[in-house]
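So the protein lines, in turn, are chains V and H.
For the first sequence, my numbering begins at 1 and goes up steadily by one.
For the second sequence, my numbering begins at 1 and goes up steadily by one.
Hints listed in this document are in silico derivations from the structure and should not be mistaken for laboratory results.
Positions of the beta carbon are idealized from the N, C-alpha and C atoms, including for glycine.
Take these hints with a grain of salt, some might be off.
[As the list claims (entries may be wrong)] Using C-beta positions, here's what the derived DEER-type ranges look like:
hint, chain 1, residue 1, chain 2, residue 2, range
1, V, 31, H, 11, 39 to 47 Å
2, V, 67, H, 11, 25 to 33 Å
3, H, 11, V, 29, 33 to 41 Å
4, V, 29, H, 8, 27 to 35 Å
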Amino acid sequence: MIHLYAIAEGLGELSAVEGIDGAQVRTRALDGLELVVSEHDGAQLDPTEAAVLAHARVVDALATSSSALLPARFTFPAEAALDSAVRGRLDDLRQGLSRVRGQVELGLRVIGESPDKAAEAPSGRAYMQARLDEVARTERLANELHEPLAALASGSTHSITARPRLLLSAAYLVATADVERFRDQVAELEREHPELTFVCTGPWPAYSFASAAET
Amino acid sequence: MTESLDRPLEQQITLLELVDRVLNKGVVLSGDIMLSVADVDLVYVGLRVLLASVGTLERLHEEP
């Protein structure tokens, strides 16, 4: 079977990075796109921790040596299906590549405190009201954190969980030149909210923005 | 994976985010055979300690 790592544009020399299980990583040109793949025996690759990390390493290496890259999800494409699937979605894939060109992805998780006043409420009605207030307050706060960051990004996906533990889980598509500005903005929000824990990850290859539906 | 208990929160979240991206994000070409839930569990079993310890750290954060 063929394992797909990414669809690339303007890919330079493939660096010496090894594929999953030490397999050789090679490129395959198809209608102006470059598919980066490795070949494996058997019908499927198990998504073990080692395989997932190897996939991520290859995608990382490709991201630095291409002009645009759509990382692939870890799935099992069959060889014959791969080419026809790519041909059937050329416009979509080209659009995706131009969307992520010159951009990286930054992840953000904001972990909140939990006052959990609801648990102390004396009645069912008071409990429900306290719970609703808490959800509204959490959503408001998450939006306040998200908006200034989204303004610095060309795309974003986020979920406000309204669970007090994980207040905000978001990914932002940011121009490489703006990464520092974005991080400064995160640092500023961190100063404004000492009660919250911010974890900003990346820069990642644009995994979360590789599919059109998710922008 | 036992050493993950000693990893700082940031490293653990980074690993978690990486696995989430590789398995749940990224482009999917139609015609692909998707991972079954059981297959994904293979990875998550390895990450269970990690998840558990992120939970622990979050609880610690709650304390004054």
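Hint by hint, here is what the structure shows:
1. V:31 to H:11: 39 to 47 Å: 40 Å, holds
2. V:67 to H:11: 25 to 33 Å: 30 Å, holds
3. H:11 to V:29: 33 to 41 Å: Holds - the Cβ-Cβ distance for residue 11 of chain H and residue 29 of chain V, about 38 Å, lies within 33 to 41 Å.
4. V:29 to H:8: 27 to 35 Å: 43 Å, violated
Hint violations for this structure: number 4 only, all remaining hints satisfied.
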